[in-house]
Amino acid sequence: MSMNEEKKEFRPLIVAFCCNWCSYAGADLAGSSRLSYPADVKIIRVPCSGRVNPMFILRAFERGADGVIICGCHPGDCHYSTGNYYARRRMALLFSMLEYMGIENGRTRVEWCSAAEGAKFSKTMNEFCEKVKSLGENVRLGDLRCKN
Amino acid sequence: MQKIGVFVCHCGTNIAATVDVKKVVELVRYEPGVVFADDYMYMCSEAGQEKIIEAIKEYGLTGLVICSCSPRMHEKTFRACAEKAGLNPYMVEVANIREQCSWIHKDKEEATKKAVILARAAIAKVNLNTPLQEGESPVTKRALVIGGGIAGIQTALDIADAGYEVDIVEKEPSIGGRMSQFDKTFPTLDCASCILTPKMVEVNQHPNITLYTYSEVEKVSGYVGNFDVDIRKKARSVDFGKCTGCGECQTKGPLGKIGNIPSEFDRGLKNRPAIYMPFAQAVPAVPVIDRENCTYFKTGKCGVCAKICPSKAVDYEQQDEIVTVKYGAIVVATGFDIINLDKYGEYAYNECPDVITSIELERLMNAAGPTGGHLERMSDHKAPKEIVFIQCVGSRCDDDKGKPYCSKVCCMYTAKHAMLIKDHWPDTNITVFYIDVRTPGKNFDEFYRRAVEQYHVNYIKGQVGKVKPQPDGSIIVQAADLLDGKQINKKCDMVVLAAAIEPNPGVRKIATMLTASIDNNNFLTEAHAKLRPVESPTAGIFLSGMAQGPKDIPETVSQAGAAAVKVVGLLAKDKLKTNPCTAQCDTLLCNGCSTCANVCPYGAITYEDVQVNDHGLRETRRVAQVNVALCQGCGACTSACPSGAMDLQGFSNRQITTEVDAICR
Amino acid sequence: MTELEKNIEIIKEISGSDPYKCMRCGKCTASCPAYSEMDIKPHQFASYIIRGDLEELIDSKAAWKCLSCFACIERCPRDVQPGKLVDATRQIVARQRGGDYLQPEEVPELLAEDLPQQLLVSAFRRYRR
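Residue numbers (this note's numbering), protein chains in the order written: chain E, -2 to 145; chain H, 2 to 666; chain Z, 419 to 547.
Extracted from the complex, chain E is given alone in its bound form (with noise of 0.2 Å):
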């Protein structure tokens, strides 16, 4: 890494699980309206939050991701009945076993988003990166491999 490179400023990476129905649409929302957020955040389709395997997320920062949240329709509108149930349930446990890791709770979120809430999507993910951001890089759980 050269000095130039280093004074650059840092830029997390983000990765954003997006259910097909509310969540997604909302992104897509977003961006018809033409509400920006950073361009760090990549958004991944999953037909439902509850397809979110917790694998996906240790997956994402093993391999260097700064950031992961999970995007669902709200509670009581799963397109699947109960699928963001689970997930809610299921994320407060892992992030909760994250931060034990080292893995500190900014850096991980679970939010819903209809897809009528462009706006709210991208004030999140504006939210979330700035959070992000203020943690830095991280380290933690990184395969060293991944990061030049």
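Hints were generated in silico from the structure; no laboratory data involved. Fair warning: this is a prediction, and the values are worked out from it, not measured in the lab. For every residue, glycine included, the Cβ atom is placed at its ideal position computed from N, Cα and C. Be a bit skeptical, because a hint or two may be false.
[Unchecked claim] Facing chain E, according to a computed beta carbon distance under 8 Å, are these residues of chain H, among others:
1. SER71
2. ARG99
3. SER518
4. CYS665
Take the given structure of chain E and dock chains H and Z to it, following the hints.
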């Protein structure tokens, strides 16, 4: 190894203005698996699609990545395009570089970088895509309606009129449901039976409708388009073919007309004999013998009804019969009842015969009711002069006694009762104690105002604290007028309680059989509260009437029609295409723990004993089986599975992991 | 947190009831046997707590005339239980004066066994002002 073609769309300037499209093409060209990459102004246009088809043929592409707008917009278009060129449509992935990239970023360098990463993730995913086939399942062109009230009747009529066969299963001896018990209906004050009876007769005579009265659904198996339902036809003890419905058996029985069993239809205000039709206009007009209360069945002696039946229709030997019928769709229209008031000692319902529920009042006001339509006190048969109505008895309660929801119909029917009473007996004083008067609906508030302005019904805001029956036969109602700040001890002759409604208690059992989800209040849950209000999340199950939530008759009828259209839409198809993105179980990894079946919202997972050959070791194992016709592809089972045996086609663990890897590279 | 906010939190905690659940149905007021003595009616307790008019509630006759008969607690359909709110208000006063505890030896020996414990506590709060 896949041969992947990447196509980057400019979308005019929508993408190209912020993303250096040419650079994206250059950078993804050397990704693993990519054999072809190109850009075009409008990928979704005819010419753009032509380009894709040509490339598929020329380079023998096995996978496509389209970097364009959201997959929610054009995924279907590009899948159809792939299919045209002979490529499996599920080998297409879309990288969303418009809504989630070019439109939200301003810096061209940054946006281009992100577009490349998104394209890489899609390429990595396509590398692991497998061709998926949409399954097909046949549709049995027959519908089942559970419940023969106004909701079930209307649904059945609408389906039958569209040309499909419908069966109605009703557990009571007659169809008609609650509405047949009512006197008049709001806000027009039509007589309930005048508008319902013709519909009941129509159901009975419709060539496409089969009625199973005095019957219950016993077992349901199968899935959308292919349900197998066992219906128990309870022994009626009266031969359907022979009975002419003359009614002799009921009038000339051992106790004559009176009978000694509280009539369910008249809410216990009148007695009935053991052989009975619930009401005069019953459909079918064939009585049943209530075997629990029949002297012949209890003691073996009597048999009077068999002797007097002119057509020899009484058959004591009849047995319950179970028929199995195939259906394509099932409508739940199980309706409602009012809550049990045992927990509300303060209203003295069990203590005093002159404290009645609204539905009992309906019977008392009905010309065919126990008093022939004369409103009288049940204790001394005198006409009440001072009547108090109490609203929200058990509704809007947040404790363990009542229901948390508003029962929705009480405000309106109370105004109706008040007006009807004032119409017939103008010297009656009526007081209504309310918490809020809720009358949204066409001509509803006008209706309520009419009760106040024209009929001078006394509305007082304040829930009643206690109802105190007095030794002299009168009743004192203790309440507070919250607006005037007064405590009131109102002396009256009759108290009418607007008891909360609740779903028919039997609905829980039916919902379990259908794997239809149900909420905390035992109302059936709709697939989407706003956009799919008459469908259950379980495919092929539809909702009609009060079973879904409190509603009045006009709403019930409109919902019944909506459910019927949904059913017809399903039955009109010869074959159902099934979503190929379904869960799959790796039987070698599955340990049969049932975790997946517990989280599955659709009941799509069953267990089966299979012979497996695990590295030469032959054994029988209990493993999960996914019914792909039921599976909607939510993936709840995949994240719940402790052994990793469950995976979701199209969004497999490996595919998502590889996307994560590509993004975090 | 101001003193007032703290006290209101304490009231919610002691009473275990959420004043925001009240829908002003007035069943408590209808049931109240001390109605004529109450300058603030039971159905108003919740709004006093919500508004933070604690001083007024403490200074009211109602807070001390409440008989702790539990009719409102028994019948409240929303689980707000105004009687408990008033009881908790008394407790706040008792605590402010210090010595909010009762020595075991002060409890009379001869008490009917089937008296609800809550009633005793309420009575002590009321009469030991």
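Hint check results:
1. Hint status for H/SER71: holds, given a least beta-carbon distance of 5 Å to chain E, under 8 Å.
2. Evaluation of the H/ARG99 hint against chain E yields a held restraint, the C-beta minimum of about 7 Å falling below 8 Å.
3. The beta carbon of H/SER518 is positioned within 8 Å of a beta carbon in chain E (closest approach about 6 Å), and the interface hint is therefore held.
4. Below 8 Å, beta-carbon pairs count as interface contacts, and H/CYS665 has one with chain E at about 4 Å; its hint therefore holds.
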